[in-house]
Structures are given as C-alpha cells and as structure tokens.
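Here are the chains, one letter per residue:
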Amino acid sequence: MRTRSGVAIAAIGTALALGLSACAGGGGNTPPGQSGGGSAGAVKEEFNAALGKVYNPSKAKGGIVKMAHEGTWDSLDPGNTYYGYSFNFARLYGRTLVMFKPAPGAEGNTLVPDLAESLGETSDGGKTWTYKLRKGVKFEDGTEITSKDIAYSVARSFDKQVLPKGPSYLNELLDWPKDYKGAFKEPDRDISSAIETPDDYTIIFKLKAAFGSFDYIVQMPMTMPVPKAKDTGTKYQEHVIASGPYMFDKNEIGKSFSLKRNPNWDPATDPNRPALPDGFEVQLNVNADDIDNRLISGDVHLAVTGLGLQQAARTRVLNDPVLKARTDNAKLQRLWYLSVIPDIEPLNNIECRKAVLWAVDRTSVQRAYGGPNGGDIATGMIPPSLGGYKEISTYATPGNKGDINKAKAALAACGQPNGFNADISYRSERPGEKAFAEAVQQSLAKVGIKLTLKPFPDGDYFTLYAGKPDYVKQNKLGLAVNGWGSDYPETFGFLQAIADSRTIRDSGNYNLSIKIPEVDQKIDQVKGEADVAARDALWAEINQRIMDEAVTVPGVYAKSILMRGKGLTNLYVSDSQQMYDYVGVGVQQ
Amino acid sequence: MITYIIRRLIGAVIMLVIVSIVTFAIFFLVPRLVGATPESMASRYAGRTATAETQHLIAQRLGFYDPMPVQYGRFVKGLVVGAEYDTGTSVEKCPAPCFGYSYLTQQPVWPDLVDRSRVTFSLGVGAAVIWVIAGVATGVISALRRRSFFDRAAMGIALAGVSMPVFFTGMISLVFFSYYLGWTVPGGTYVDFTVDPFQWAYSLILPWVTLAFLFAAGYARLTRAGMLETMNEDYIRTARAKGLPERTVVVKHGLRAALTPIVTIFGLDFGLLLGGAVLTESTFSLNGLGKYAIEAIVSNDLPKVMGVTLLTAVFVVIANLIVDLLYAVVDPRVRLA
Amino acid sequence: MSANDTMPHLAVRDLSIHFPTDDGLVRAVDGLSFGLERGKTLGIVGESGSGKSVTSLGILGLHSGGNARLSGEIWLDGDELISAPPEAVRRLRGKKMAMIFQDPLSAMHPYYSVGKQIIEAYRIHNDVSKAAARRHAIDMLGRVGIPQPDRRVDDYPHQFSGGMRQRAMIAMALSCDPELLIADEPTTALDVTVQAQILDLMRDLQREFNSALIIITHDLGVVAELADDILVMYGGKCVEYGAAEDIFLTPEHPYTWGLLSSVPRLDREPTERLKPIKGAPPSLINIPSGCAFHPRCPYAAESGERAKEEVPPLAETATGGHLVRCHLSRARRREIWENDVKPILETT
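Protein chains in written order, with the working numbering: chain A, 1 to 589; chain B, 1 to 337; chain C, 1 to 348.
No lab work stands behind these hints: they were computed from the structure.
No residue lacks a Cβ here, since even glycine has one placed at the ideal position from N, Cα and C.
Taking lysine-lysine pairs in the DSBU-like style, the calculated list, with each CA pair at most 35 Å apart, reads:
(1) A:Lys260 / B:Lys93
(2) A:Lys228 / B:Lys77
(3) A:Lys527 / A:Lys390
(4) B:Lys93 / A:Lys250
(5) A:Lys230 / B:Lys93
Derived Cβ-Cβ restraints for the label pairs, each shown as a range:
(6) C:Thr21 / B:Leu9: 50 to 56 Å
(7) A:Gly399 / B:Ile205: 51 to 57 Å
(8) B:Arg333 / C:Asp340: 49 to 55 Å
(9) C:Glu73 / B:Val129: 46 to 52 Å
(10) B:Pro165 / A:Pro271: 51 to 57 Å
(11) C:Ala243 / B:Arg333: 44 to 50 Å
(12) B:Ile205 / A:Lys44: 36 to 42 Å
Let's have the full structure, built from the sequences with the hints guiding it.
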C-alpha cells in the first residue's frame, strides 16, 4: 500500500513537473540560438526529424554540447567499456582502425576506414587481417600513432583482471600464445602469433579461425591506441590520451567530465569527423526524471545513454504536439522475447511449444512495451536493421492477435487438449517485462495453459535463476521473459550470443531455449564467410530454423523516444548507434 | 564523564564490527548460500557476455575463492593498516583506512567517501539550520497562538510536509524555481564551500529548503506539543510572577525545556542524514553519500557498500554520543544522575 | 476614584474573575473585597476550587493574555491594576508584589541553578551587574537560612531538599523587597516539621521586610498563628471575613465550622484528624442557587426555601469588621457554635 501510494505520488509529481516544464519549454518554436550558427535558419521541429535524415544540418563550429547521464560511465578507458553509448561517444576522443560512418539511417551502418587507410584486407578467407595506417596521426601530446600503439592497446585489453569490462572478442578470435596473460603481466612476451607490426604503419591480426566480419570487431574501442608510456592500468580512465578531435579537460570519475579540442588532431587525417562543437560537458549520476525535465526545458542537449525518455515523461511528451515534435522514435537493435524452454515438460514436445506461439496475442505484448512507439511487433529473432532480417510468417495470425483454434489444435497434437500448467519468469524491477509476462499469461489462459508468474531480481536473473540450467530444470521454469540488444550492429554481434548453444554454461546464460545443432553449425559457417550477402542468407536460414523449432516467442523490436534538447545542429540517428550520432552533432551559439 | 565516553566509544567499535560483519554477510555469504558461485558473483563486475575465463579471472582478482573469514579479514586489515592495489602497471598504496577499491570503477573508496561526505554534510547542515529555525519558530508561535488561523494553517502545512515525499516536492520545486523561473541552479550543481561560499549556498538552497520542509514539519509539530506542555508548567507561572517579559518567559523558560526532546530527535535525524539523504540527493542529483549508497547497492559493489554502511554507522554512533552529552548540558538533572 | 488616606496599602474591591469556556461561564471569583496594610497578614482559606488561588493570580495580573474576564478594582500603593496596561503590571510583578508557590520543585525551573533564578528575578527589576546580583542572591539565600549559600547558589533545584527549595523560593520572592507577598499553600508540599520552620521563617521575614502578606491555604491551622485577618472563600465568594481572633474564637459560618473541624493537629492520631465537610465543593460553572453552601450545609433546612432562592448578603456581625454570609440569624449562629460545634472541637 505504501509503495503504491508512493509510486502514485511520484507519478503525479513527475506529471506536474513536466506540465510546468512544458509551460517553460513549450512556448512555440522560438529558435534557441538567436544569432543562428551561420546557415541555420528557423528550425522546423518535427517528429522523427532526425530519423533517416539530418536535423538542422550545419557546418558551423563552436559551442559546448551538454550531456547528462543517469548513472556512472562503466569506464572511459577504451579497453574497459562495453556500452553502446560509450562506443558512440568514445569516437570523439579516440580513433579506431575502422569506424561506422557518421551518417543518418542505414548509411550510418556502413564501415569506413579511420586510422586505417582502408578497410581490413584478407588474403586467406578471413584468417589474417591486415590494416595499413594513415601517416601523421597524432596523440594529444603530439607523438605519432603507430601500429605498435594499437597492438599494445589490444594486448592490454586482453587482461580481464585489470580491464574486466570490455568485449572479449579479440581474446577469443586471435591466435594468442599459450597461456598468455596480457600486456600488464607479460609486457615482453612475443605476441606475433596474434598481432604483427612489421612496420609502424602496418598491423596484421592473425586469427585462430576465419572470421568474415572482422572489421566490425576492430571498430570497437579496444583498438583505440593507448601509448604504453602513459598507461596507468586501472587508473588510465582518469586520463585517457586522446587520438580523436577532443581530449579530456576535466574528469571527475562518477561526477562529471568535459572534453575540449585536441590541438594535435589534424582534420586532414580524419575524413569522418566534422568536430563541430568546441567541447562537450557530461554530467554523471543525474536523476533520470530530472534529465527528461532538463531536456524539455533545454537545460541539457542530450541524454547520453540514448535509451530514450522515462515512462513518465514519455506519456506526457507524446500527448503534447509541441513536445512530441522534438522527439525521434528510433529503432533499437533490441528484441524483447520469450524463451520457451524445451527441457521442461510438456514443452519438450514441439506441438506444445507451437501452441504457445499460436496463442500469444502479439498486440498485447506490444502494449506491454508502450504500444507502437515502444516497438514494432516482432516475427523473428533478427531486428529489421540487421543483415538477414526477414519478416517470418510461420506463426502469422489475423491482426497479430493470436489464433486460439490453431493453438488448441497444437495442444491436441501434443496430447494436452485441455492445456497444462507452467511457470513464467521475468525481472521484477522491469515493468515492461512484468506486463509482457502478464499479457502472455492472459493469452495462454484462453487455451487452458495456466501460467504462474515468477518475478526474480534483476541482478541475479541470469546468474541464479532464468540463466541457470540447474535452477530452470529443478523448478520447471518453462517460460522466461528476455531481452537482447546487439553488441555491435552486425547480426553476429546480435544473434550469436543467444543462438549458439555451445556458449551455454553452468550459470549466467542469456539463452537456454535455442539449442539446435544445425544452427550452431550454420553459425560456424557464417564466421568463415567473408561475403556479406552470403552471410545474410545464412542468418536468414538460422532465423527461420529457430522459429520452426518454436523455442522463442518474439515480442517486439524495441523503439525508443529520443528527445532533442534545444539548439542542436546536425543531429541524426544512425542505424549503427541506434541513437543520436555523437560524432556528427553540433550546437548553435 | 571521561570513563563514560570511553565506555561508549568501546561500545561503538563493537557495534561497528557487528555492522561490518552483517553487511559483509548480506552481500557475500547470503548469495553463496542461495547458490551463487565465485564466478557468478564475479560476472556482475564484468562486461556483458563475459566468458567463463573472464569470470574466473575476476573472481580470482577479487579473492572470491578465499574462505569467507579470510575475505573479511582482508577487509579489516585494509581498514587498519592499509592495503596495496595492483593497477596493472604499478602497485598503488592504499593507506589506512583503506575501504578497498570499487569492483566496478576500480577507484579507491575512501577518497570517494570523503568527497561525498562533503556534499551530504553541506546538504545536511544547511537543511538542518533551516528546519530547526523554521520548525521550532513555527511550533512556538503555533503553541502560543493555539487554535488561531496561524496555528491551523501551519499545522496543516506541517502535515502536508510530513506526508509529501521529497522526490515529489523536490521535482516540483526544481522545475518551477530552476527551469521555469530560472531563480536557482539546475539539479546536480554543487560548488564546494571552499571554492565559493556564496555559490555553495546558492547551489544548495533548493535542496536545503526541500529537505528542510520535510523535517521542519515534524519539528514544528514536536515543538508545538512540547511548548503546549511546558507552558503549562508551574515554573512558567513562576517566571511570569517574577515579572519577566513574556519573550523571556517563552524563550528562556518555555522553549528551553521544550527543546530537550527536540535535541534528542535532532541528533538522531542529523546522524542518519549524514549517512545520506538518499531521496533528496537522488532528486537533485547531488553526489552525496546517499546516492553513493544507492549506486553501490544497485551494482552490488561491495567495497562501496561496506564503506558507506560503516561511515553511516559511525555518524549515527557519534550523533548518539553527542546527543547524550548534549542532553547532560541541556538538562542538569541528567548530568549528575 | 483615586487613592486616599483611608485606603489600605492593598485594596481589592468587588473583584470578579470569570472564564468563558465551551461548557459555560466559570465564575471563579465573584464580588470579592478586602484590604491589607503593610506589615499585616491576611489568610485566605477555602477548599480547592473556592477561588483563592485565582484571586492571588488575579492580583499579580497573571491572567492577562488568557481568556479571563476581570472586573472590579485592585489598588496597590495607590495604583489600580486591573485597568493598568499589562506591561505596567508586569513591571510591578516581582518588584512590588511577589509570590511563593505550593510545590517548589515544579515551581522552579529544573534547568537553571537556584542562584541563576534568583539573579534573574533581581536583575529584571534592578539595574545591577551580574556579580552584584550574585552577591545579592547569596545574601538572600543566607537570610532564608540556607547553609553555605555561596556554595549552594550554583546548585540546581533537584539538589535541594524540599524545605530548602521552599526557602530558596522565598529568597527569590523577597529578592526585590516586595511590598506585597502572596504565598499560595506555601507548606502543603512539605512535611510537618519543615512546615513549622517555613512558617516561622515567613513570619520573621515579613517583620524584617515589613511587607503585606497573603497566605492562601485550605488549612486554617497554617494561618492560625500568622494571620491578622482571615477571609474564608466558598464557591468564588467570601463567606466570612474578619480579624483572626474573631474567626477562631467566634466563627459564625457553618463552612468555617467545617474547616475548623478538619484542621490537622499534631496531638491527634492521623486517622481521626480528618473530619472533612460532607459533599463535594461546588462546580464553578454551576454554582448552586441561593446560598452556594446550602447543599452541604447541615442547617440549611432551618432557612427553608430561602436557602435555595436567595443569596445571603455579606453582613456585619456584632463584632466590628466581622462579616458573614449566612441566612441563619445571628443568635441562632451563636447558639449552634456554642452548643454544637465548639464542644466537639474542644474535646479530645
């Protein structure tokens, strides 16, 4: 009762606060920057103005972009970070071998060379990758960046004891010497079996096995060069040596940091970054609802995590045409889905699993995530902006409302004509997942499948409950609500972690339902395939195969409501970042 | 008196040891009892999709494979004699009291605690001054003008103040005074006192008032009740019979006696507040101890949890001690009893 | 009217103190008149609720600020107090008129030392240094018989014994050398031996300071040796008033007779000493019609319906200045006193 009224009051409070800020901020389209940054005329505020195109295009330089973060940055150390927003933002202060093109929409999902002169070259079908570096690229201290700096940064990121948070793709893909412990513990070890630097401008990666989409791996920030002499291990995050157009000015871990222009960045060596603003200010640990209020009032320009407005602000903003015109409904490479675990009776029978897939009313699942603005109804496991995406019609029903007759027929075929009982788990702190579970519960009740809701704490969901095979089997947990987002905008980075059954461990699994040897085998095929079209065709087959096995119920391809602060220029959502592209953004003065 | 204080301090140390053991157990022992392995616990501090190898390495670095008493002993040793921390490129000295390094940010906890305490202390002191003055003054006037319009209005507002949560009043006032009127700075602004005392006060005025509103309400009600009681005491009649001006009677004789329970409550409130005004700090995005505690708990960052818990306990213990000593100052009957 | 030579130092004329409450009007004091010279002592006697304490607080002006309604006149040394501004009365309070309360433990502030409380009382009316006020306080404590006053001056009330506290209270009241001292049940909270000492002290000090003294008590025994005049109150009204020897030797009101029978005496067993008047004191909101005492008066029947319908006037008896408010004829009153009451009081 107490928490209920507390939540109610909080909701009213936020609504009132938003109402007030609407008064403050919604006074029409008065241009925030009076002088107008050069070419910028009257900006037309429009819903989705930064989707697929550039909002308020400008080449004018100057100004400071203010950003706010509701929590703490996992780490500013390029070798120790693993969030999408961090990958996006790190490109302001660091350069990688290749990078996503700073461009709106699908164009932003293409890779272009950055430190390298061209994309990776392989002569042996993807087992060896060679990059030639541009000359004259410098660190903030004026020393030239060489291939050795990149080799060192990869070798240091190998040490997961010191830098535990970054992706471990390169640890697994490269052919490291036996029992290698990383550059911190073994600074003098010969790692030429994994990385070779025949000269200062050439770096060669040697893989254990062929991997076709290696460029997608080296665009990640662990290949940002780190000068060995300036590396301070766990403390490097306090002063990262910049290679991009901006360098750190002030940096108080957990509170705030700011970037200023890097005098040693030469635009001639960098065709990709417009570097419009003079700097960035990022405030950390700001109350999430307060960030929304400040976006509305124009006090901050961008919410740096790029996850979109909070529930309270979202409802309010979407109902106010003036405020709605300042938002973009961006597609995320994120899927909310339901795992149907084939180890649990009677779901070990495919017909019973199919009954579940037929019965779920997908529109009610979409409502659970906020309706069409919250996401599109999903038909498969690959979100639309990734290679291999295809709408799958295997379980199509009229109006996506589910088909009770087909579900009952499947139940009969399964030998459970009257339905059965099962448990459904979700993360208790997540209202969307709770609503998802409840929607499924109601849908399945119509065909006689009675579900019991099993909420578990967020932090232990995968380690102790829904991701732990022993627990799932002992407690007969048949259905589990899950969400998944891509590591990097390529289908391998999205699907492999939740579709490859060989990754399943004793605990901490994100997937326990997709265990199809044929899928595992096709994933191996994808790895060795250097041709994009061929890879996409394989992914489409994998996607269809998973749906045929009826081990997951796709829910929605998630979308967020991103809000533009006031006075931004050159803003767009790129498909690779699934949020505003921080490399392109500018600000009016 | 001295022996009394020493006895209390020894008691306090024992209490802190118990608090630390309990906290340690909650965050370390209990998960193990319900089935967590060192690796699964370590996975919280890794990036997502950490491999088994990565989890193993982190568990090893954090010492999760050691027996529980050894892990606890290491923590206590760090507190008492300091510790050493491997940054990868060098070994850093962490002088006592070393609360260890955050599992997530790998930053030493103690400097953070000191830093965060300044914010919380600033918030608490300013708010306390406002709420004590406002609450007590309101309570006194209400009591003296019992059943007047002022009394009814003040007590009505006080009831609202007690029942309205800070995130409600805070968010409203932030939007109205900061974003709409532009009178105050936005949330998350904090200027240290040593940098600029005026900016310090200016940046904190809204959180102060918001927090003070919550407490002032309670103090007004408490003061009013206390004053109503003491103003009926015989010694008040004596004071009047001596020919003292009414002001002196009310303040020196009435309020002085009515303050005793307020001093007690204040000590406890303030001690707890120094442990972190969680809601106010969250609402106004002030990086104080309360927010630190939330971050620590949400991310299961044990060194931070231990640090903030122990520091809070220390504040509460000190506040209790001061209250007891203050009590003796306020009420001479306690002093010699 | 102005002060004239015939007016006593303290003159109370037709004083009424009423309190409007939600339940009705409380007539705590109704038409009270008396006078008192410096150096003389008046005993105001009555049960609790008879209005005697309200009267004393009324004289000191301690009802101001509350909702009391005062009417009549109170003259002190030529100044009328009821119509005077409260601030003027406050200046007189503690200086020209002072008061001693019943329970010295609750009447003294527990958080301040005895000395501080005396110093405060002294300095509010005398522009002297703290050090001088402290010397005065020590001196006063010495004069009320507190041993080692220079040491005890810094003690707190709870460190004093009951009798010492009352002495300290007296020292505080006398610190400004008041012309009028009102003692409200000064010995009730003390044990019997201490009572006598305090009463002796008050008599001595009154002589020394030549102040007018009003002793308020429910116990005629307390004022027997001290008072020059006695005023007996019942239901907010004066029922008998006269010189002390008249009241003790020839009391004429049945209520006074009752009070005399309930005087505690050292020579009697505690169990038989209390001979309370039957019945309860009247409600001051609903004072009985006619003679207020009639429901409890054993002789009310003799007056018939008059007792219930007519308020008896406060009439002079044969002795000059001896006033009684009773329907019984004077002869009948003498007869009852001599034949029924006096013999019982004198036996045992």
